[in-house]
Each structure stands twice: as structure tokens, then as C-alpha cells.
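From first to last, the protein sequence lines are chains A, B, C and D. Quick note on numbering: the first sequence equals residues 1 to 93 in my numbering. Quick note on numbering: the second sequence equals residues 1001 to 1194 in my numbering. Quick note on numbering: the third sequence equals residues 2001 to 2999 in my numbering. Quick note on numbering: the fourth sequence equals residues 3001 to 3418 in my numbering.
Hints in this document: simulated from the structure, not taken from any laboratory. Watch out, some of these pointers could steer you wrong.
[As the list claims (entries may be wrong)] In the EDC-like style, the derived pairs of lysine to aspartate or glutamate whose C-alpha atoms are separated by at most 20 Å in a straight line are:
| no. | chain 1 | residue 1 | chain 2 | residue 2 |
| --- | --- | --- | --- | --- |
| 1 | C | K2267 | B | D1054 |
| 2 | D | K3124 | C | D2991 |
| 3 | C | K2659 | C | D2991 |
| 4 | D | K3097 | C | E2643 |
| 5 | C | K2144 | D | E3213 |
| 6 | C | K2144 | D | E3206 |
| 7 | B | K1003 | C | E2802 |
| 8 | C | K2148 | D | D3272 |
| 9 | D | K3030 | D | E3213 |
| 10 | B | K1087 | B | D1054 |
| 11 | D | K3030 | D | E3206 |
| 12 | D | K3124 | C | E2647 |
| 13 | C | K2518 | C | E2572 |
| 14 | D | K3268 | C | E2154 |
| 15 | C | K2885 | A | E46 |
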Amino acid sequence: MLSIDCPQCGPRDHTEFSYGGDARVQRPAADCDDPTVWHDYVYARENPRGVHHELWQHSQGCRSWLELQRHTVTHEITQVRLAVGGSVSGGSR
Amino acid sequence: MLKSYSALAAVPAVWTGAAVHLSELAGLSIWQLDAWQHSERQVCELLADITGLDVAVGASAVSADGVRVLWAGPARYWLVCSEGHAKAYALRAALDVTHGSMNDISDSRCVISLRGPAAEALLQGGVAVDLHPGSYAVQQVLLTALGQHTPITLQRVDHEIFELYVYRSYAQHTLEWLIASAEPFGVSWQTQGM
Amino acid sequence: MIEQPFRLATGGLVDRAQAIDFVYNGTYYKGYQGDSLASALLANGERVLARSFKYHRPRGVFSAGPEEPSALLTVGWGTRREPNALATLQPLYDGLVASSQNCWPSPRFDLGAVNSWFAPLLSAGFYYKTFMWPGHSAWMRFEKIIRKAAGMGEASRAPDPDIYRKSHAFCDVLVVGAGPAGLMAAEAAADTGARVWLVDEQPRLGGQLNRETELIDGLDGHDWAARRVARLQKNDAVTVLANTTVFAAYDNMSFGLVERCGVLQHKPETRQRLWMLRASRVIYATGAIERPLLFADNDRPGVMQANAVRSYNNQYGVSCGHRTLLYTNNDSAYQTAVDLCSSGQAVVGVVDVRAQINPDLAQQMHELGVPVKLATAVQRAKGRQVVAGAELIALDGSGAAVSTVDCDCIAVSGGWSPNVQLHSMVAGMPGFDADLVAMLSRQLPAAYQSVGACSGSYCLQACLEQGALAGASAGDSLGFSGQAAAGFSGQPAAVPMAGKHTLSAVEAFWQPPSAKGKQFVDLQHDVCRSDIAQAHSEGFQSVEHLKRYTTLGMAGDQGRSSNLNALALMAEHRGVEISAVGSTSSRPPVSPVALGVFGGLERGQHFRPYRRSPMQAWHDARGAVLQEAGLWRRPQYYPIGGESLEEAYRREAAHVRQKVGIVDVSSLGKIQINGPDSAEFLHRVYVNNWLKLPVGKARYGVMLREDGMVLDDGTTSRWGEHDYLMTTTTANAGAVMLHLEHLLQVVWPDLRVRISSVTEQWAGMAVAGPNSRELLQACVTGLDLSNESFPFMAVAEAQIGEVPVRLLRISFSGELAYEVYAPANHGQSVWEAIMRAGEIHDIMPYGTEALGALRIEKGHVTGNELDGRTTLGDVGMAAMANQNKDFIGRMLMRREGLVATDRPVLSGFKSVDPSEPLQAGAILLRGAEAEVEAEKLGHISSVTFSPALGQHIALGFLQQARQRTGDRLYAVYPLRDHAVEVEVCEPCFLDPEGGRTRA
Amino acid sequence: MSYSAFSLFRHALTGNRHWPRAWRDPAPKKRYQVIIVGGGGHGLATAYYLAKEHGIRDIAVLEKGYLGGGNVGRNTTIVRSNYLLDGNAPFYELSMKLWEKLSLELNYNVMYSSRGVLNLAHSKGQFDAFARRGNSMRLNGIDAELLSREEVQASVPHLDFSAQARFPIFGGLCQPRGGTARHDAVAWGYARAADQLGVDLIQNCEVSGFLRENGAIVGVQSNRGEIRADKIGLAVAGNSSVVAALAGLERLPIESHVLQAFVTEAYKPFLDTVVTFGAGHFYVSQSDKGGLVFGGDIDGYNSYAQRGSLAVAEDVITAGLAIFPQLGRLKLLRNWGGIMDMSMDGSPIICKTEQPGLYLNAGWCYGGFKATPASGWCFAHTIATDQPHPLSAAFSLDRFSRGYAIDEKGVGPVPGHH
Ligand SMILES: Cc1cc2nc3c(=O)[nH]c(=O)nc-3n(C[C@H](O)[C@H](O)[C@H](O)COP(=O)(O)OP(=O)(O)OC[C@H]3O[C@@H](n4cnc5c(N)ncnc54)[C@H](O)[C@@H]3O)c2cc1C
Ligand SMILES: NC(=O)c1ccc[n+]([C@@H]2O[C@H](COP(=O)([O-])OP(=O)(O)OC[C@H]3O[C@@H](n4cnc5c(N)ncnc54)[C@H](O)[C@@H]3O)[C@@H](O)[C@H]2O)c1
Ligand SMILES: Cc1cc2nc3c(=O)[nH]c(=O)nc-3n(C[C@H](O)[C@H](O)[C@H](O)COP(=O)(O)O)c2cc1C
Ligand SMILES: [Zn+2]
């Protein structure tokens, strides 16, 4: 089980969180009309075997969206910060 | 005024021991204050001004004279007081809409008090956060879950006294779970005469 | 009959003053307090307890612990019986009932034993090579027969009546295992002031100390252990649990523990408890188990671990045989000989494969009068049902003839295997240590320590020292200074003294002489040495292939006592080192765990929370039939008399159109939106325009996912300058909230908007029907409900019986209708007030079924239509989107596939015979025949009888629907061999101009 | 040598000492006509059908570990073709047809057991959705039966039909031809049959890079050296993103997630049907050894570690107890994880890629075991002919940009939710 150190609430079991996937995708600008950019935003994903930048929401806690750096083999979490103002992601969550 | 109904009215009284006493704290008002990203300080100052409490930015909980301010998430606070408390209305009147908003969410939560030597162990059955007094101090508020499916707000009011704010629709299920879980310790639940 | 013929006259840690009655295979027996079921059965001379999995060979007790492969019994009776219980780990209690499994009529005489005649055919992987003929379904026929032979114990068919509980737990230092190493570790850690958990799976703490005879600080080992335990139990910061297995280690130092608290009763208050423990440091002190040596018929009851024989002798005061032969490749078995002799048992000899042993040992044996045969091996166990002798063969190459020894117990020691299952779950594979002849986990991350026998230290003194050091350093590393403990010097705790003894010298001995008869490597799965040879010759040579092909190590004991022997055999076949063969992975659980404990109290009705509406009590009192809606249960209809669903909803729906009805809509998601940028936010979230919604008005909106599919729809109303209330569907309430929070926090953090879920704050009810205005005007104060002052889509605050309520003039039913939102605690009384006021208007409550009928008549969509694959265009709302702004889904909704003209779109349908019902899930075809590959034109999504139209109608999706209006098609339902002729019509069946709504 | 009752008997007489190898253990050649990366079910099946159906015998299957050690060797073995969408249904039905004769085809008993797959419905809405699926299946020539509550009870009497059930059973959809197959036997059966057709099965051979000439992929780098080929097919399941990235296919529409599976001790059989409980994410069957094999939802975060968390075990087992309350006393024997290649719409990808010489087979989520025969069949076709097979044409990589996602669940581009 993962333990995520929420900057607002302290270390919590990952079961209190909802996963949001790749944190590196960026919603294109409001005036962007390039379909490939939009396709990549919604469908193309980093999926590294190694450190992954990813979003989690503390949905059963303070409801903050967080950005984590987590290793996808050891599951070690090396950074947690509020996602506020940071990168964005797509799809319905 | 029309009658108010408790979400826990259907749960019959229980007495199998005194290690945990469960009761409903009815008649509380819960006001939710939300600040915008950069106005949290102003909102806290206002809260401090009107309640007379020492509300620091991000403070977990402060209380006095039946008025309580609880941290409820980033830049979000709950003012918990008795129903119709003048301070709540004063605060509402004084809050500048460019700093934040204030909503009455009293009916959205049911508040269950747990007291007794086994209260901590009982809650630990469902809460995945360390409740040992060394890590969870008196006054502190936790936004967490009971089991994997019920979000709750929990405050340790005293060493052996906890107050659990649970969504109203989950309240009866939660109380039934608490009573069943507390069986090995001995538990009492007194329905409010409503 | 003599009572307990194999019970020693004295000795053991059992309480002879407390005799215990128990039943085994229908017969009463006696044992003592402190016995395990295995020790009590052995004391009573019961040696054949079970039949083996594949060949139905007789089996008895092999070990004295959790590694037991053979003595699996069913314990308890009726719904409380537990199949496959380990007799070695089950403490005896008064009234315990146990029985043998996998045999008929009895373990001693078992008809299933015919299997062993076919043994050569049942070699490794035989089922892959046959049962394929005749015909394609040959396997199905053979399978039926094979399944009859499957399985060991029998599961109860009735629900498990016992209670299981779960709890989270936290500590600074977890110590797994309460042998000498674990006890010292726990004590030293506790002395630093850390919060410590000490856990052991045995009923009695002390580990090997209960089995051995070594002295510690001049005390008997078990006595020393008992004192340490007592001291630890006095410390508030220490939790000590017996009968508790740490069954798994997970990421981030979390552990699964199962406490068998009810193990001493047939009908306990709580049977077991799951502890979900998080520790900052862990110290593994899990000990080691003894491996067998291979020889022919080594599965005969009476062939046991030497250490188990010692344990039955010392801990339980039970003799495992009248004439015991020891067979070993290391020193530790000699301890068994010593202990047996000192309790007056006959040891017929020690057979040691080594050519040389420590002279002290030889001397000791000589003094005891125990003959030692060096460079000799046991080649075969004799005896048909139980051991009756042993055939020995000299290993010195002299070709010395085989000799025979009379014995009824062969106590075997093939060396020790450290218990590293937990270590390996997170730290990776253990490696082979050639000196210790064992698999060891050497490299553990800093927070993990391994001490005592599980780290390869078999000397008691070393175990104590390592434990003390590990405990202190764990506490230290967490910053505990030791102040909490009086007398703590900052140094490791004083280590008690145990008698020094030399380390156990062990010599690898993997290739026993071959002899006629099966040599069992994995006793529980009946995997033999020949199976391993066969796997090798067929190319199943990697450990994982070996395991999977032969099923070695895949039984309940997970090959604890067999894996290394098998790996060694494979290494030999392949001509490589054992270290090159590797080992299979260790997985949770370390030993089998009852499923019930994972469920805890979340069973039956408490499997998931039941979310109740504020008006639930009213619905219940009114006899509403409830319908599952996620975690909610909503009134589906309110039957009067013996009404059926069909009758009730038609009545309810008709009534709404004619008079007035009320429906509970509290489960709809409600989201409070505040802040100066709220309008802009809504404008970006919904496809339509939101910048100009005035205060006091509501608007319908549709939101998309970023991929252009409809996410949800609902109305949002504006209550103040910066104050909006959004409603969502019941099903999507959570998803929409998450979506909006994501947008606000991550995508557009600069928007000054705060949202919060207020679903629970408001009880919601819709009052609908031509009489609704008149009715509500009679009970609402503070608001003029006339069409002029409160038109369609207006919203306002008012009171009902002094309760402040919110009124919204919106309509899902297509009638003149209002939604009333009251603070939840007053929901029921407001509902009741409306019912009272409605009496003269003949108000009637209606459920979701009638609600469905009404909305289908209007062509309004719900989850049946918005199934996550629907575009705006599919539901005829493409025009609603404002393409001149950015909104979620704007770009991807334009993709080719989403705007293709052959997409089925929302349409209405009537059955051509108006009395013929339609069914949701039917497929639309041109013809009535359900022909395979017939062109599917669409499907029916929602159906109802429309009281207003007096006929059955439906909504659905149809290709080119608008061109097909008036066409006749078939709604085909091959699952029931059914087809209904339908006429295509507009999706809105009633009042398309909306006159009723606006009346 | 062919397996038969006779060969079993003959070998039994000689102590089973002379069974030949099931497949050779060749050293890799310098070049092949086709390389398949990944010795799981799909890779092996692809090699087999390339050799059998397309006459290409110069093939190597490169497997980084042992054959069948990936998801094919760790799945819950459910085989079915009960799909709603037209992009999926005919493909999985092809698979079903291949399953039905697979043991004979491979001369290896894969123990395909058509014991029926029963999906439970707990509300009218769910039931109607099942009906739509079942009707659609029937029209696609796939067997399906809609069961009332009573019919479900008659077929699986041990389910909880009491008033205690939190989500009472409303009815169900059953595919009688659905069932299970023996996971390992599928891998080994294809391996042995492919080997007999001359395919080189190379174990402990991890592909770590690709060789490129004139813009085309012409071979691989591996821990066993460079190996060249005209065409290279990737069938590496959970590792698809990683291996594809080595070949320059960055950022596939895939996330890798852990899915756990569970097996209990062996008990006398009492459950002869596969049962799935959608409301609680649980599916179960009882193996011929007597163990209950079951699984649930994914752990829910990107991972390449084949291990899961206690919380999911808790959740899955709790759901199991909700429909089978008598399971409480049965014991969990082992619990493991596998890495799912979760795609953006929950459907697979079988196609030629934009990199000349490179072919992709990925995105199987937790449903790729049942697809094994058809996946091999269609992927072999694609590699051999450079054309998509008609039944897998919908599984193209560009379906996302064109707006033709095949989203059975309707949850949108969130891999973890499929
Ligand atoms: C717990 C679980 C339960 C499941 N249940 C079901 C079910 O009930 N029904 C169903 O239909 N499906 C199920 N699945 C899904 C199914 O198992 C997979 O979709 C399917 O097996 C994937 O195809 P495969 O067999 O080719 O994959 P794999 O067996 O994973 O094969 C891929 C191979 O590629 C190898 N590889 C990876 N990288 C490299 C490299 N660089 N070089 C060389 N080789 C490499 C791997 O070692 C692996 O052997 C389940 C999966 C899991 C994990
Ligand atoms: N003479 C020899 O060759 C030899 C060999 C091995 C051990 N020994 C002796 O054995 C002793 C070793 O001491 P120790 O403390 O390392 O081990 P131990 O065997 O005394 O204690 C280990 C304890 O861990 C418990 N345990 C194991 N796995 C567990 C789990 N998953 N959950 C809960 N409990 C678990 C066991 O029940 C046992 O009580 C010493 O006395 C040593 O002399 C001697
Ligand atoms: C259908 C199926 C049944 C299984 N049955 C057993 C079993 O009876 N005993 C066992 O120990 N493991 C069993 N396993 C699990 C394997 O031992 C192993 O854990 C799994 O294949 C994953 O491999 P790994 O644990 O080596 O990573 C089974 C696996 C599958 C897929
Ligand atoms: Zn938080």
C-alpha cells in the first residue's frame, strides 16, 4: 500500500485518493485548433518504467489535487506537491 | 416551524457496556467559509475578529464558548456553533464577496459524538490514520474516511472524546457500523428524544 | 484402552491438571491444556490422519508448525467447520471436533487409494497430454470426472456465521516472531521508548525456546521467554499478539496480520481479526524450519522432522514412536537424540550422511548409548501404513549391503531453511548461501532488519545478541532516546547469557540413493523426485516452469519444506549451481488466511453503505418499493393494495399529468458554486452560454468529457451575484465533482471559484402536475407563484411552514412543475406539509418508474441514453454548443467518427399494436427475423407505457432517424425470441411546444 | 512426437524417463524473417499462425524471462466473447471458435472448459444493458442467454438469494460457451506447436533496443546480441509502452497497471460456472484442482511491479463474500499481480505502425487471455500480408484521432476505469 504525504493533511493511505494519471500533459491553449495537439493531450501518455509524474486527488480528504513523483517499479514516492497552477490533464475524472 | 428529523432516528437504543458512548449532537450549525486563492489570510482575520478565536491560516481547530472553527480543506473553514448563533450572521454580513463565500451546510452532516476509553480503538477499526494521541492530538481535525467508502471529518475534542461529522445520507449506516464494531468493548447509544 | 498411550509420564509444557475432551473421526479422546490438535492425536497413538492429494497415500503429522504439509483436518462442524486446518497450529480446546478429509471411508482404509495403482500415468503434466479425444468437447466430459476427485476439504454451503473484524494499526517497530531473537528485539526497541508490536503465530510465545532445552541466564528457555513476555505485556507502548500471523508485507512498510482470536472456541465472539499495520521499522525474527531428506516412501506416517519430534517430546510431553531413528546431514538432529534419551525414549540410532562429525557429538552419543552410523543414508522407509523400519545404505562407496533397522519413527533433519517469505515480498529474491546450504535474503532496505535463525544465525547466543542490537538500533534510528525506559544506557540492552554451543555444521546432501518406491519432494502435492526428472527431460527447467509443470510448492504450505530440495535436484540435472537455478517468488499470504477476515463487518447489508434520503422513513412507512441506484435506494413505486409495478406506475404517471404528484429527487448531485468567476467557469464547462444567466434564473446545460462525449446534463441556477447551484444526475454526482475540481485546481487555477458538494444539505422533491401551482401557493409563503412573477425557469427562496426553501420552476416531467429544495433535516416535514396541502388536490407520491414514464413521453434523456458513448449530436442537441468559445470537449467532438452521419441518433418509437409492450435492449432491424449478420440500425434504450398516449412507447437510437420518421421497423429481442413492430417517431411524444410546462 | 493416451501409457512403462523436450532451446540466429518480441500467449500464438497459416517458418520469439511467465501465466483464465460493440464482438467470437478446437489443433490439452460465464445484474437498468448486449451478441451469431433471478438461482444455487444481500440479484446474462482454459497449457501448447513448425523460441532474451537502417526497423538489440529481421512484431502486453518507446513509438495511448489475482486452497468442487459480479468488481471460477480463482479491479495506478496492495485484496474478497457468504471459512492460498496494458478505450491495438517493419499488438487490458487465439491469428495476418485482418481492422492506432474509440464501458479516455 502506498502512503502519500498530502501537503495539506499529512501521510495518508492511497485508498483515500483518486488517481489522475500522467501529470505532464497540458491542456492546449483555448485558441488552439490543431487536432493532433488535442489528440495527444487526451490520448498520448507517458508510461515510464521508472519515475512517473502523476496526479492524485485526495478525494476522501481535503480534496486537493496533488502531483507526485513516484517510481513505477519500487513504488517509492519522491515528491508530492499541490498540483495547483501546475500541469494539467485530460479526460473526465 | 416544522419538525426537524434526525438521520439517526431509526436506530434503536443500545446498551451493552460503557466503553464507548455514542450520541448525536443535534442542533449544531455548520457554516462553510471558502476563501479564494489569495484571500485566505483576510478570511481568517475576519473569522478571528468576529469569533474572538485565534484563527491562524491553516490552523486545525480552535474553539471557545461553544463556537468552533475547524479546518475543512485548503482555504476552507467550518464555523460550528449552536443553531442561530449571532456570530454566524455577523460573519456572513461582514464577509466581503471578493474575499470568499459562506454557506450554511448544517444539514449536510450528522454529528456523532464518541466518548469513552474504547473510542479511539473503535475508530481505528475504520480510520487508516494513526489515532494514537502522540500523532493525533486533542483539538486536531482529520478529513478522512471510515472504511473504504464513507468520507468523514473527525475531531478529537478530548483525549477520549471524538466528534465525527458524516454525510447525512451515510449517517445511519455509519452508526450501525459503529455499534457493531464496538460490540466487543461494550457500547451505548441513546437516541435523541425526537 | 490406555488413555494417551504415547504421552510421556512427565515433562512438557502442557497442563496435565486440565484434561480436555475432543472428538476425532467420531471418537472421544483426551488431551491436555496446551496441546495442539496434532500433539493430542499423537499422544493418543493416531498416526494416519489423512490421505494425500493425488495418490491417496496415508499421511500423518510431519512437523510441529505452520510448515505442516500433511496433517490437514477439518475442524469444527456444521456451518462452522474449517476445511484444511493444520493440526499442528490448532490449539486443543474442550469440545473440539476434528475429522479427516480426502478419504473414504476412513484415512486408514481409503478406497481412493486405487489412484496409486495408476501412479505412473499420473506423472507430471499428464493432463496436458490427453483427454483431447474424441471430439471437440472431450475435455468437458473428462473434466466432469476429474472434478469429482479434486479438492481436499469440503466447503460449507451455508453462510459463514462467524464474525470477523478489521482494524488499522500503527507502530514504530514491528517485530515478527517471538522466539529468542524477537523477544530481545522487542524488549530492546521498547526500552528506547518506541511503540512496539510483537507478533507470533504460535499460541505460545518463545519460538524454539519452547522446544529446546537450552538455559538462558540460568533459566529454562521457556521460562525465560515467559518472563520476558510478561514484562513486555506490562508496557503500555508494547502490543503483544499470539496466534497472529504476519501474512504479508506490502509497499511503504504496511503489513497484513491475521489474529486468530477465536481459535480456542467452536463458536467465538470474534473468529479472527485483520490488522492492517503500518510500521516505521520492522525486525524479522521469523526463525527457520527444518528440511527433510529424501528417501523412498518418505511420506509414511512416522517420518517426521527431527525438530518436530523434539518439540513433541519437550513442549508437549508426547512420544512420536517407541523406537526412533534419527537421520541427518547436520548437527541439530543430535539435540533431538539427547532430549529423547533424557526423557527415557529409545533412540535406535543416528544415521548421518557425513563421513565425519564433531568428536564431542560422537562422544555424547556414545555416552548415551546411541549408535551412530556415519556416511550412511536411509534409502527407504519400511511399513505399509506407518513406518516399521528403515533400509540403510552405506555411502562410502564400499558397496556395503543394505541393512535394515527396526523403528517406528524416522526423525529427519536435512538442514534448516530460514523463513524469508516476508523478506522476499518487498526486498526481492533471496539468494542461495552455499555455506549455510539455505536461501537467505541478504540485502534488505534500511528500515528492514532480519535477526536470529531467519538470518542464518542458528546459535542461541547470537540470536539474543542480534535481537538486542536490532531492537535498539531500530528505536535509535527513529530518534527515540530511551528516556522512556528506566536504566537505559544508550547501549544495546544487556544480553542474557545462554550456553555456548557450536554452530550446526551441515553438509549438502541432495541426491539420495535411488530405491524402489516413491520419493516425495512435495508431500502436500504429491510431487516426486521422478516428476522433477521428467520436468527436466521435457525442458521445464527454469524454476518457474518446474513449479508450474509439476505443481511443486503450489499447495497450502507453498513448498516451505520442499522447494530447496527440488531446486537442488534440478540444479543437479542441469549440471549447474543451485544459485544459478534461482527460486520461485514468495507471495502473500505466508500461510493460508480465511477469506472472511478480509470482509470484516462489511457483509450482508453492510457490504456497502446504504445512502438514505431525508424522506426515506416516509417512503418506508408508505410501503414504497425501493430500487437500487448506486448506493441509494429510491422509491420505484408506491403500490396501493396489491398493485403490481405495472399498475402502480401507470396510475402514478397518469395522475401527475391529470392532477399533481410529488417525487423524491434528493439523490441528484448538487454542487454549490461561488466566486466572481463562476459564470466564466460554467461557460467553459458547459457547451452552451452561461455568461448572461440572470440572478433568479435556471438554465439547462450539457457538459462533455474532453473526448467530446456527453458527461452529464442538468440545470444550474443562479441565486446571487456569485452564487450558483448546479444539479447533476444521481449516477454522475461524484464524477462531475471530481471533474470540476480537477479543472479548477489543475487546469484553470486562476479562476476565483470555489465549489462544494451540497447534495446532502438539500432534500429535493419535484411537485409536478397541473395542480402543482395551486397546491404550492397554498403552503409556500414569501413568493408569488403566478406565471408572471415566477415563470418557467425562475428560481427563488421562500418558506414552507417557516422552513426556508428554494423553489425552482423546472420540469423533467414536462408538466407544470416545481422543484423544492429544503434543508435536509426538514426534508421530511416539508414533504409532509406539501402532502397535507395537497390532500384537496388529490396529491400522490410517485416513484422513479412513473418519473421514467413521464420523461420518456417528453423525450428527455437519462443514463440509459447518455451511456458514455453518446455525442451531443446523437441526442439532437448539437445546436446547443457554442462553437465560438472554448469549452471542454470542443475540439474532439469534431472528430470524423463523432460527426459521422451513420451514427444512430435519438428517436422515439411506438409499438404498431399500441398494446404491445416494448423492451429496452431490443435491437432495431428492418425485419422481424433475428438473422445473424442482419444490419443493426439501432437499439431501444428506454421503454414505458404512456398513459397520456394510451400506448407503449420507447426512446432509442436509430441511424438516419429523422429521415425514417413514420417508417416501420422491428425491435428484435432474440434472447426471448421476440420482435415487436414499431413506428419511428420524434423523440418527444407529448406537448413538443412545451405549453404544459409553461402554463 | 505426438501426445496421446498411448504415448502416456508407453512412457509410464519406462518410468516417464524418456519424454522428449516439449520444445528446443536454440541459440538465436543472426537473422530471421520475422521476430516476435514477447513469449506470452499472443506472441507464441502469432508465431504459430505465421508458421501454420502463412508458411513463414523462419521466426524467432524473443522472451525476456521464461515462456508464459507474463500475463498469460498469471490470469484468471476467463474465456468469453460476450461483447456489445461491433468492433469487438466478431473478433472475440473468432477467438471462441479457435478455442473450441485448440487442444486438437495443438495436440495439447489446453483444458478449454465451456462451463458458462454468468454476469449478474442487480437492477433493471443493468439487466436492460445486458439484454442489449445479449441481443446484439445473438445477432452476431454468439450464444447468449438472459436469465431471470429464478433461473440464476437454479444455475448457481450457492449465490446469496437471501434478504441479507445488499445488492439483490435481479437476473443475469450467461454465455454458455464461455468458460475457462488452463493458462499455462495455452502458452506451452502454442510454444510446442510453434517449435515443431520450426519457430525458434528464445528465452532469457530481453530486447533492449532496435536496429534501424534507412528509417526502417531492421532488427533488435538484446542481451543475447543483435538479431535482425525483415519484420518485427511487438506482443509484450504490460511492457508495450516501454518497448515501443525503444522503437521510437513514444507515448502510446496506454497506461500500465497492476491487476491482482487470487487463488484459495483446494476444496471439493461446488462452483461449476464462471460468475462475475459487476456491482462489486469480482469474478470467480473454481479450477479443476479445486481452488477458487478470482479477481477484481486493478490497483489503479501506473506500475510495473507485479504486486498489489492489501486494500484491493480487501475490496475484492469483500465483494466475493457479498455474493457468496459461505466463502468466509475458505482460505486464501496465494495472491499475485500482473501488469495490464490498459488502453484509452479498453480495447486492443493490432496494427502496422508508422515505423516501417514494426507491428504492434497491445492494449489488452484484463481481457487478453480469451483473445489469445484470435490475436495471434489476426496479428499473424497483419504481419504476413501488411494488411489488417478484417476482424481486427477496428483495432487501429489511429482510431483515437479519427474518433472511432471502441469503448465497451463508456467511461472515456481514462485507462484505469476500463
Ligand atoms: C491478474 C490477471 C487476470 C487476468 N484475467 C483475465 C481473464 O480472466 N480473461 C482474459 O481474457 N484475460 C485476463 N487477463 C489478461 C490477459 O492475461 C492478458 O491480456 C494477456 O495474457 C496478454 O497477452 P500475452 O499473453 O501475450 O501477455 P504476456 O504473457 O504478458 O506476454 C508478454 C511477454 O513479453 C515479454 N516481454 C516484455 N518485455 C520484453 C522485452 N523487452 N523483450 C523480450 N520480451 C519481453 C514478457 O516477459 C512477457 O512474457 C488477466 C491478466 C492478469 C494480470
Ligand atoms: N541447532 C540448530 O541448528 C538450530 C537451527 C535453527 C534454529 N535454532 C534455534 O532456534 C532459535 C532461533 O531463534 P529465533 O528467535 O530466530 O527463531 P524461533 O524459531 O525461535 O522463533 C521464530 C518465531 O517466529 C514465529 N513466526 C514465524 N513466521 C511468522 C509470521 N509470519 N508471523 C508471525 N510469527 C511468525 C514463529 O511462530 C516462531 O515462534 C534459537 O534458539 C536457535 O538456537 C537452532
Ligand atoms: C489460474 C491460476 C491458478 C493458480 N493456482 C495456484 C495454486 O493452486 N497454488 C499456487 O501456489 N499458486 C497458484 N497460482 C499462482 C502462481 O503460483 C503464481 O503466483 C502466478 O502464476 C504468478 O506468478 P508469480 O507469483 O511467480 O509472479 C495460480 C495461478 C493461476 C493463473
Ligand atoms: Zn489532503
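>> When the structure is checked against the list of hints, which entries are broken? Sort them ascending.
In response: 1, 2, 4, 5, 6 and 15
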